[in-house]
Amino acid sequence: MSDSLDLNLLTVSSARTAVQERQITATALVESFYKKIEAEDQPAGKVNAYLTLTRERALRQAGKIDEIADRGNPLPPLGGVPIAVKDVIVTQGERTTAGSKILGSYVPPYDATALARLEAAGAVVLGKLNCDEFAMGSSNENSAWGVVRNPRDLTRVPGGSSGGSAAAVAAGSAVATLGSDTGGSIRQPAAFCGVVGVMPTYGRVSRYGLIAFGSSLDRIGPLSKSVKDAAILLRHLAGPDPMDTTCAQAQAPDYEQEIGKPVRGLRIGVPEEYFPAELDAEVRNSVESGIDRLRDAGCEIKRISLPHTRCAIPVYYIVATAEASSNLARYDGVRYGYRSTAGDTLSQMYRRSREEGFGPEVKRRIMLGTYALSAGYYDAYYLKAQKVRTLIARDFLNAFRDVDAIVTPTTPTTAFKLGAKSDDPLAMYLADIFTVTASLAGIPGLSLPCGKSSDNLPIGLQILGRHFEEGTVLRVGHALEHAQSAG
Amino acid sequence: MKITQKEVQYVADLAHLDLSAGERQKMETDLNAILEFVDRLSEVETGAVEPMAQVQDIGMQIPHSDPLREDELRPCLPHELALKNAPQTDGSFFRVPKVIER
Numbered sequence: 001m002s003d004s005l006d007l008n009l010l011t012v013s014s015a016r017t018a019v020q021e022r023q024i025t026a027t028a029l030v031e032s033f034y035k036k037i038e039a040e041d042q043p044a045g046k047v048n049a050y051l052t053l054t055r056e057r058a059l060r061q062a063g064k065i066d067e068i069a070d071r072g073n074p075l076p077p078l079g080g081v082p083i084a085v086k087d088v089i090v091t092q093g094e095r096t097t098a099g100s101k102i103l104g105s106y107v108p109p110y111d112a113t114a115l116a117r118l119e120a121a122g123a124v125v126l127g128k129l130n131c132d133e134f135a136m137g138s139s140n141e142n143s144a145w146g147v148v149r150n151p152r153d154l155t156r157v158p159g160g161s162s163g164g165s166a167a168a169v170a171a172g173s174a175v176a177t178l179g180s181d182t183g184g185s186i187r188q189p190a191a192f193c194g195v196v197g198v199m200p201t202y203g204r205v206s207r208y209g210l211i212a213f214g215s216s217l218d219r220i221g222p223l224s225k226s227v228k229d230a231a232i233l234l235r236h237l238a239g240p241d242p243m244d245t246t247c248a249q250a251q252a253p254d255y256e257q258e259i260g261k262p263v264r265g266l267r268i269g270v271p272e273e274y275f276p277a278e279l280d281a282e283v284r285n286s287v288e289s290g291i292d293r294l295r296d297a298g299c300e301i302k303r304i305s306l307p308h309t310r311c312a313i314p315v316y317y318i319v320a321t322a323e324a325s326s327n328l329a330r331y332d333g334v335r336y337g338y339r340s341t342a343g344d345t346l347s348q349m350y351r352r353s354r355e356e357g358f359g360p361e362v363k364r365r366i367m368l369g370t371y372a373l374s375a376g377y378y379d380a381y382y383l384k385a386q387k388v389r390t391l392i393a394r395d396f397l398n399a400f401r402d403v404d405a406i407v408t409p410t411t412p413t414t415a416f417k418l419g420a421k422s423d424d425p426l427a428m429y430l431a432d433i434f435t436v437t438a439s440l441a442g443i444p445g446l447s448l449p450c451g452k453s454s455d456n457l458p459i460g461l462q463i464l465g466r467h468f469e470e471g472t473v474l475r476v477g478h479a480l481e482h483a484q485s486a487g
Numbered sequence: 001m002k003i004t005q006k007e008v009q010y011v012a013d014l015a016h017l018d019l020s021a022g023e024r025q026k027m028e029t030d031l032n033a034i035l036e037f038v039d040r041l042s043e044v045e046t047g048a049v050e051p052m053a054q055v056q057d058i059g060m061q062i063p064h065s066d067p068l069r070e071d072e073l074r075p076c077l078p079h080e081l082a083l084k085n086a087p088q089t090d091g092s093f094f095r096v097p098k099v100i101e102r
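Read top to bottom, the protein sequences are chains A and B.
Each residue of the first sequence is one higher than the one before, counting from 1 in the working numbering.
Each residue of the second sequence is one higher than the one before, counting from 1 in the working numbering.
Okay, chain B solo, but in the shape it has when bound:
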């Protein structure tokens, strides 16, 4: 077993997931089964191979756009619209529960 309950709890904390005890148990089983399958990758020799994070990384001739544009003012989402989907606002800002915990 690669992953124990302790690690499930650690990763759930990193991911901000408040898993129930039942979910943690099932997660341990599922993640171990998947990782065991993933382990076949360790048989592949990748010493000098460059990692591929993007399709562009493999030297494909793609005419991609220059991500930089002129630094000019453009209309953006109006304040009111940007707040419209928020669960809680005070009309100007997003409202959240208190931040300081200790």
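Chain A on its own, in the form it takes in the complex:
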């Protein structure tokens, strides 16, 4: 490969340009990423972001791109850009496990819409990325296939559940990736690994082919090195899909153009509930200096209140687990997935297959969700949580009458040590305290790096916007990124 090409620095547009201008062929680019993955990701004790390498598929796509470039024709918008996708996004003919033993040998017969769209735009899919089992977790320690390590410090978690998606971008083993976000699963690992992660509005990106966790919350979104890359990818991901009835009919705007607009005059809300006294001091300082930069860029900063914030974790863990208990009922050892050899009757086979196939956190959530939906508890838990969800969503609708975007820390701390919270589910759930609110309300959110702690760990700043106003969220993120790089 060309000596001038540093894989760690490649962006969506520079990768495409390099292939278009024949500094490197798409095929050679794929091969050099695989070499990097084999050296820096796969060996024991390394990052472990990749679960499956889709080599044949990648080389086939790269070959097509090279034919176009060799003829001197313009490449499609993502032509030759090496990406990778979280293993909850199904890939035709390529093993898709959702991080679970129960899908250990599942080979889907179709492609997810989001992935198919990126490939149609020329992207090259290198492989499938590690994640918490069924996207349930905040540290990637719940994967049946081993933990992912944070490339910034291998003794720490990358966050979760899209831990592999964030780690692959941070390690430079993919130019960009797809993750999924149900309660913070794109934004929290993006913050822990020091990359950009975008959760689009609910309904902006088709969920067809996303293995379901909580269907009223699940969203697919991009993780990348820059806000611009995320904007480019989101444009190709977004838009109506007849295969997902919850997917909005609206055509997506050109986000790359949106981010170029000035932020002067935008009103930015800073909610007091996201800066509690016990917030990590370095996180607080970094986020506050990010807010100062936005003020310097001409934004109007307003103190606001989102009074039901403290209810968000309890609401989330009832709503999400209730939906999960229903969604995961399909894993019964009949049509696909693991079947236990124990059990002489159908009922025993169901019970043994699920017992042996699911990991501890998934079982815990199925149990909690089943309990919350069971006779006698439905009103007290599930219905109550749905009502408080309305109040949380209304908090945002009210706030967005006075502000155009909201800025908060993405997480209360930086990346914690592997094993630090794995025995305490409640402590782990609290890692999502600043991200679950936007998930419940259905609004878009973005996390971008806004500084580092004294031990050199990335700190994430979260930007939230109105429903379907990803353009504003990306624009504020892009402006902040610029202000930071200017020093």
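To be clear, the hints were calculated from the coordinates, so they are not data collected in a lab.
Just so we're clear, the structure is a prediction, and the values are computed from it rather than from any experiment.
For each residue, glycine too, the CB sits at the ideal point set by N, CA and C.
Each statement offered as a hint is correct.
No farther apart than 25 Å at their CA atoms in a straight line, the calculated lysine-lysine pairs in the BS3-like style are these: (1) A:417 <-> A:46; (2) A:387 <-> B:2; (3) A:421 <-> B:26; (4) A:35 <-> A:64; (5) A:101 <-> B:26.
Chain A is nowhere near these chain B residues, computed Cβ spacing over 12 Å in every case: (6) 71; (7) 73; (8) 91.
Once you have looked at the hints, place chain B on chain A.
Then chain B, alone, in the frame of chain A:
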């Protein structure tokens, strides 16, 4: 304690999970800790508040698609492909252990 061993067993039965004794013990501890935390919801007044099951429920202006399409024949997953991931088939159907237990 909100949940006892009896309830853990009842819910595990509903969820078709054959939990071990050790798992049931840990489940009791974990679920009680989580539910205790969830109880802060009971302090919130929700008398006249409508439940939100979907993002659309909050009156957001989302141009959602009409879920109904023309009732026309479309290609679907071929039989062979649909059976391909099944643990056991007879070539035409999914095979399962016997259904009648008693």
